[in-house]
Amino acid sequence: VLSAFLAHPLFCYYDNKMIKATSFKAIKPPMPTKEYNQYMKDAGVASEDALTQVHVKKIIANAVDGFLRGDLSTDGLSMICNRLFRVVTKLPGDDQQLLDVVIAGSELSFYVRQPKLLPQFNSFLRKVLEYREHLLTTI
Amino acid sequence: MIRYGSSTGNITLHFPKKEYKTFTKQVGVSDPENLSEGQVKSVFALSVDAFLRGEFSSDDIASVCGVLLNQLEKLKEKDDPFLFDALMAGSELGFYVRGKNLLKQFSAFMETVLNYRETLV
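Taken in order, these protein sequences are the chains called S and E. In terms of the working numbering, the first sequence is residues 1 to 139. In terms of the working numbering, the second sequence is residues 1 to 121.
It is worth saying that the hints were derived from the structure and are not from the lab. Computed from a predicted structure; not experimentally measured. Ideal placement from N, C-alpha and C gives every residue a C-beta, glycine not left out. Some hints here could point you the wrong way.
Said to hold, decoys possible - Below, a sample of chain E positions facing chain S; criterion: calculated Cβ distance under 8 Å:
hint, residue
1, Thr12
2, Pro16
3, Lys17
4, Tyr20
5, Lys21
6, Leu46
7, Asp49
8, Arg53
9, Val67
10, Gln71
11, Met88
12, Leu114
13, Arg117
Stated by the list, open to error - If you anchor each label on the Cβ, the simulated ranges turn out as follows:
hint, chain 1, residue 1, chain 2, residue 2, range
14, E, Lys21, S, Pro30, 45 to 51 Å
15, S, Leu135, E, Ser36, 46 to 52 Å
16, E, Arg3, S, Gln114, 37 to 43 Å
17, E, His14, S, Glu48, 24 to 30 Å
18, E, Asp79, S, Lys90, 55 to 61 Å
19, E, Gly5, S, Gln38, 20 to 26 Å
20, E, Met1, S, Asn37, 22 to 28 Å
21, S, Arg86, E, Gly5, 43 to 49 Å
22, E, Val27, S, His134, 31 to 37 Å
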């Protein structure tokens, strides 16, 4: 799944930013750095280098809660998931569900802009929201 | 700022004031409290284009559509019945995207917004 995802022609990294090529142009939503740093702080961690799976889960929970309040847009949530995707792939252990969720979340900003892909957008967002509900009982 | 109330808590969206001001300036608005129907359409089109470029989020569209809807309601004469529908759909995006069971409606509203934008040349 991971290799297929990384090889996807619509997804690439450039200068530490996520660039997604749409049918007409590349899109670069801004990274909500201030909120991301706050969510890391709330999860009890000072830097990305010190993140564990539990921290990542707490950050996802905080980010989804921020989204539900309106503090973050789907683009903001997507950028945070993209950032966490890179963290999760480097962490020891194999949590496929967590990986699936950060991948689904990171796709939101692309799929929301394509009328024909909105059903997939719904499915990705539902996956993220359901994972947040799942975390209520596990962290 | 735009607020939606729901059974699971309130949603408060930030209004993209700076970008809205730029858009109104770009379409030659002299009185920001009184836009013509043509100016409402143009600001809507600029907002959707910014969204497609990734500079605007769907929440930003929702906030701007809410303001444009108020502007449209002030007008006594309107020529385009679809403009109201598009603004109404756009203003609901911020609420419907946050309901796990409302995502189908979100898609329908987003399609209305994007399809209407395509009709504006």
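Indices of hints not satisfied (ascending): Numbers 2, 3, 4, 5, 6, 7, 9, 10, 11, 13, 14, 16, 21 and 22, in rising order.
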